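Peer 1: Keeping their order, the protein sequence lines are chains G and E. Counting in the numbering used here, the first sequence runs from 115 upward without gaps. Counting in the numbering used here, the second sequence runs from 115 upward without gaps.
Heads up, none of these hints are tricks.
Because identical chains share one entry, a pair is satisfied inside a single copy or across any pair of copies.
Below, a list of computed lysine-lysine pairs in the BS3-like style, where the Cα atoms sit at most 25 Å apart: (1) 131 to 225; (2) 217 to 131; (3) 127 to 217; (4) 127 to 225; (5) 149 to 225.
Simulated from the structure, these hints should not be mistaken for lab results. As the structure is a computational prediction, the values presented were derived from the model and not from experiment.
2 protein chains.
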Amino acid sequence: MNALGKHLVLELKDCNKEVINDVNFLRDIVISAAKEAGATVLGESFHRFEPHGVSGVVIIAESYLSIHTWPEYSYVAADVFTCGDSCCPEAAAQLLIRELGCKSPGVFELKRGLLATNGEEYGNRPAQMVI
Amino acid sequence: MNALGKHLVLELKDCNKEVINDVNFLRDIVISAAKEAGATVLGESFHRFEPHGVSGVVIIAESYLSIHTWPEYSYVAADVFTCGDSCCPEAAAQLLIRELGCKSPGVFELKRGLLATNGEEYGNRPAQMVI
Chain G
115 MNALGKHLVL ELKDCNKEVI NDVNFLRDIV ISAAKEAGAT VLGESFHRFE
165 PHGVSGVVII AESYLSIHTW PEYSYVAADV FTCGDSCCPE AAAQLLIREL
215 GCKSPGVFEL KRGLLATNGE EYGNRPAQMV I
Chain E
115 MNALGKHLVL ELKDCNKEVI NDVNFLRDIV ISAAKEAGAT VLGESFHRFE
165 PHGVSGVVII AESYLSIHTW PEYSYVAADV FTCGDSCCPE AAAQLLIREL
215 GCKSPGVFEL KRGLLATNGE EYGNRPAQMV I
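Please build the complete structure, drawing on both the sequences and the hints.
Peer 2: What follows is the structure, given as structure tokens:
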């Protein structure tokens, strides 16, 4: 089975409340995470909400990284989706966990676009926890 | 358990090859899908690759929608992530499935940011297929 894409779903609990409310810091670290993964950054869009919280996406040539923060719960949802063999999404995940001061990270892997080896049919398999 | 976000993972096989290689059409339908879900569009970023394939993200006030297409396999990976009770991500998913001419859709739901009802701890539960 050949997956076209690898999608890491990051459930990040017990993060640093101040850091995850700082839109400029978050933009910087998500772009850094994309580069750490070996990805090519094409664009980004980040927004800060009132009274708190940030949403942002970095588009990469290999797919995207996204982040959504709930400072009131010290919680962050992030996604790192890459395709091809040249990226290491796990490196991006590790950078995000470290920079967000996350004490309770959960990382789940989804295989996207699973092709049967004969190229004739697709399949899906359950998410795997990788960290 | 209260989830902060609902994340629909769309594995869309047997799509219309021409439609999923048309970046302008895809931008229009992903923005339409966001509006169909009742979301507020904040920005978008779409890119077409050579020789084929499109990646795009629409940022919404309630999180994001993303799409990645492999016309050579008639395959599309899409994500619809919303938070709050005012959106209906399933409506966005249905619009995408219809407009992409998808004959073999798979939609999986991830609950993001699950809070225990006492507000003291988080948990995760397995993905559920909703369509």
